[in-house]
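Engineer: These protein sequence lines map, in sequence, to chains A and B. Numbering of the first sequence is given in this note's numbering, commencing with residue 1 and proceeding in unit increments. Numbering of the second sequence is given in this note's numbering, commencing with residue 187 and proceeding in unit increments.
In case anyone wonders, no lab produced these hints; they're calculated from the structure. Accuracy of the hints is not assured; some may be wrong.
Said to hold, decoys possible - Quick list of simulated restraints, FRET-style, between CB atoms: (1) A:Ser-185 - B:Pro-335: 51 to 59 Å; (2) B:Gly-337 - A:Lys-23: 47 to 55 Å; (3) B:Val-246 - A:Ala-186: 49 to 57 Å; (4) A:Arg-62 - B:Tyr-345: 30 to 38 Å; (5) A:Gln-178 - B:Asn-238: 56 to 64 Å; (6) B:Gly-337 - A:Ser-56: 42 to 50 Å; (7) B:Glu-252 - A:Asn-120: 18 to 26 Å; (8) B:Val-326 - A:Gln-183: 43 to 51 Å; (9) B:Phe-209 - A:Arg-62: 56 to 64 Å; (10) A:Ser-56 - B:Glu-323: 39 to 47 Å; (11) B:Ala-218 - A:Arg-73: 56 to 64 Å; (12) A:Ala-181 - B:Gly-337: 27 to 35 Å; (13) A:Ala-67 - B:Glu-347: 33 to 41 Å; (14) A:Arg-69 - B:Arg-227: 49 to 57 Å.
Stated by the list, open to error - Here are some chain B residues the structure puts well away from chain A; computed CB gaps all over 10 Å: (15) Glu-214; (16) Glu-234; (17) Asn-238; (18) Phe-263; (19) Gly-282; (20) Leu-311; (21) Pro-329; (22) Asp-333; (23) Gly-337; (24) Lys-338; (25) Thr-339; (26) Arg-346.
The structure presented is a predicted model; accordingly, all values stated were derived computationally and were not measured. For every residue, glycine included, the Cβ atom is placed at its ideal position computed from N, Cα and C.
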Amino acid sequence: MGEMTNRTTAVLGEGQTGFATTKFDALLGWARKYSLFQFPFVTACCGMEHMATAGSRYDIERFGAGAPRFSPRQSDLLWVVGTITQKQAPPLRRIYEQMTDPKYVIAFGTCASCGGFYDNYTTVPGIDKIIPVDVFIPGCPPRPEAVLDGLMLLMEKIQNGDREPAVLPAKELPPLVQLRAKQQSA
Amino acid sequence: MSQKVLARLKARFGEAILAAESFRGDDEALVAPDNWLAAARYLRDDAECAMNHFIDLTIVDYPEREPATPRFDVLLFVRSLGKNHRVRLKTRVRDGEGVDTLTGLWEGANWTEREAYDMFGVKFLGHPDLRRILMYEEFVGYPLRKDYPIGKTQPLIPYREVAPSKLAPFGADEGQPYGRIDWLARMAGRNLQVSPAIGVQQGQRPALSVDTEDLAQPRKPNGN
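One chain only, chain A, in its complex shape (with noise of 0.2 Å):
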C-alpha cells in the first residue's frame, strides 16, 4: 500500500464515488495516530525535557506514543532531539532510511529545526536539509508542554494524512514581541 494522500475525510458529494478508501484511510489514521513507536535519536541536552516527557508526570505513553524501540526498523516516529552535527548527518538518514514505512519525523527543539544558536561549520542547519520533516517543536529547550503539542499536532496530521511540514505555533507571543506590536498600533 502506498504512501496516503488524500487530505481530509471530507464527505464525498452526490453522484461520487470511493468514499469506502475515504473511510479505510480515516480508520488507518486513526490507528496510526495511536500507536507510534519512537525511535529516540537523542544528542544533546533537549534530551533532558525529553525524558521528563516520558517521565510520569507528564507521561507521554497517554498518547500511545511512550514506547521507545532502540531498532529503527522497529519504528515509525522519529524523534531528533538535540543538535546534529556535520559529522551525524549521515548516521541519522541511515536511520531514518532504515526505518519502516509510513515514517514521522519530528526535530525537536530548535537545535535540530535550524541548527540553533551554532552557525558554524559544524552544525546541520535544521535536519530538513537531511531528512524530511512533519513536526518542528521550538524552544531551548521546549518544555514538556510544547513536546506533548507537537506530538499532538503530529497526530492530528496523521489523521488527515497530511505530510506538508509544520511548525509547533506559539501558545502566545513573547512579552517583548506583543509590546512591540501594541507599540505599532498605537
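Knowing the structure of chain A, use the given hints to seat chain B on it.
Structural biologist: Chain B alone, transformed into the frame defined by chain A:
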C-alpha cells in the same frame, strides 16, 4: 606562587627561555621550540617543580603577527599537586612546522594534541596516533584558524532542496533568546518581530511578517 619554577627554568635552560612573566598569580614561560620537550620533561622530573598533573594543551592563532613572529602559540598548562603550584609553558611555531609530542611525558596529552592538530593543523612530531579527533576525515582545512572562512560548511551529504515557505520561522518569537538574529535587517528597521532563522543562512528570505501573523493565530483544536 610558582615564580620559583620560572627561576629554575631560566637557570636550567638559559637563553632558550625567551621570556617569562608573572601576572596575578599566573606564571608563564616562553620557550624556544627546540627545547619544548626538554623543558616539559624538566618541569615533570625536577624535584622542585614536580609537575605531575597535566591540565591542558592548546593552541592560539595570531595570523596578523606573521612574518615577524610565528603565528601559533602552543600552550601547555601543568600543575604540581604535591608542591601546589602551576605554570604555563608556551612556544611558538609557524604554519607547517611542528613541535615535539608530550605523550611520552603525560598520557593525557594524546587527545589534547589530537584536538589541537584537528583544529589548527600544527603537527606534533612523534605522536603515536595523530588523526583528527572531532572533525571528520573528509574535512578540508582547520576550522579554528582565524583565516578559516567563518560561514564555510562542508556537509558530508548534499542538502535536500527545501522550499523556503516550508522552513521553520524560528527566532525571537519562539520564546527563547538564541535564535539566529538578522542584526543587519534589524538595524535597518525591518523584521522587528522575528529573526529569519534559516532564511538568513540561505540568503533568500527577506521578511517574515506573514509568518508572524500565522504565529499569532490560535491553533485550531484537535478535530477528532
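Engineer: With reference to the structure, classify each hint as holding or not holding.
Structural biologist: Right, here's what the structure says about each hint:
1. A:Ser-185 - B:Pro-335: 51 to 59 Å: With Cβ atoms ~43 Å apart, the hint is violated.
2. B:Gly-337 - A:Lys-23: 47 to 55 Å: At roughly 52 Å between Cβ atoms, A:Lys-23 and B:Gly-337 fall inside 47 to 55 Å, so the hint holds.
3. B:Val-246 - A:Ala-186: 49 to 57 Å: holds (51 Å)
4. A:Arg-62 - B:Tyr-345: 30 to 38 Å: holds (37 Å)
5. A:Gln-178 - B:Asn-238: 56 to 64 Å: holds (58 Å)
6. B:Gly-337 - A:Ser-56: 42 to 50 Å: Check passed, 45 Å falls within 42 to 50 Å.
7. B:Glu-252 - A:Asn-120: 18 to 26 Å: Holds - the Cβ-Cβ distance for B:Glu-252 and A:Asn-120, about 25 Å, lies within 18 to 26 Å.
8. B:Val-326 - A:Gln-183: 43 to 51 Å: Because 49 Å falls inside the window, the suggested range holds.
9. B:Phe-209 - A:Arg-62: 56 to 64 Å: holds (59 Å)
10. A:Ser-56 - B:Glu-323: 39 to 47 Å: holds (44 Å)
11. B:Ala-218 - A:Arg-73: 56 to 64 Å: This hint holds: roughly 59 Å between Cβ atoms.
12. A:Ala-181 - B:Gly-337: 27 to 35 Å: holds (32 Å)
13. A:Ala-67 - B:Glu-347: 33 to 41 Å: Holds: the Cβ-Cβ distance is about 34 Å, inside 33 to 41 Å.
14. A:Arg-69 - B:Arg-227: 49 to 57 Å: holds (53 Å)
15. Glu-214: Answer for B:Glu-214: holds, closest chain A Cβ roughly 30 Å.
16. Glu-234: Since the minimum Cβ distance to chain A is about 43 Å, B:Glu-234 lies beyond 10 Å and the statement holds.
17. Asn-238: Its Cβ never comes within 10 Å of chain A, the nearest being 34 Å, so this holds.
18. Phe-263: holds (25 Å)
19. Gly-282: Its Cβ never comes within 10 Å of chain A, the nearest being 22 Å, so this holds.
20. Leu-311: holds (27 Å)
21. Pro-329: Check fails; 5 Å does not lie beyond 10 Å.
22. Asp-333: holds (13 Å)
23. Gly-337: At roughly 8 Å from the nearest Cβ of chain A, B:Gly-337 sits no farther out than 10 Å, so the non-interface label is violated.
24. Lys-338: violated (6 Å)
25. Thr-339: For B:Thr-339, whose nearest Cβ neighbour in chain A is about 6 Å away, the distance does not exceed 10 Å, so it is violated.
26. Arg-346: Given that some Cβ of chain A is not farther than 10 Å from that of B:Arg-346, nearest at about 6 Å, it is violated.
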